Amino acid sequence: MDQDRYDSGMKVRRQVLGDAYVDKASANVDDFNRDFQRIVTEYCWGEVWTRSVLSNKQRSLNNLCMIAALNRAAEFELHVRGALRNGCTPEEIRDTLVQVAIYAGIPAGVEAFRIARKVLIEEGVLK
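Per numbering that gives the first Met the number 0, the very first residue in the sequence shown carries number 0; after that it's consecutive.
Check each hint, because a few of them may be wrong.
[What the hints assert, rightly or not] The list that follows gives simulated cross-link-like pairs (lysine-lysine, DSBU-like), each with its CA atoms no further than 30 Å apart:
1) K10 with K23
2) K117 with K10
3) K56 with K23
4) K56 with K10
5) K56 with K126
6) K56 with K117
7) K126 with K23
8) K23 with K117
[To be verified] Now the in silico label distances, taken between C-beta atoms and shown as ranges:
9) D34 with L125: 12 to 22 Å
10) D30 with E74: 38 to 48 Å
11) K126 with N32: 32 to 42 Å
In case anyone wonders, no lab produced these hints; they're calculated from the structure. If you're wondering where the values come from, they're calculated on a predicted model, not measured in any experiment. We treat Cβ as the ideally placed atom computed from N, Cα and C, and that holds for glycine.
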């Protein structure tokens, strides 16, 4: 394990997903998923999210596209919240999801809009 990459990854993971989510994920670490959680933190967050070419805002919008296209509802909801933390506006999220609907299909867009709207209302960004 690269401890510096892991530590950098944990820092950005907390910034994007929030302490409560990361603390819950960390509390659920056991012998079965320990290596997977380390890999997620070290490589996903520490290797990719710490790169300097794209902003975290752009990475969030990219994630919304990919996760919506893959139809991963729980991860999509989590990353809508992360996108808001990274400064994405409801309008940017909306336009991202329009693009998802065109390129990944209307059913993916319908589900993404439904989940994003729910999150935006819960976060007090939309009424």
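May I ask which of the numbered hints given earlier this structure violates, with the numbers listed in increasing order? 9, 10
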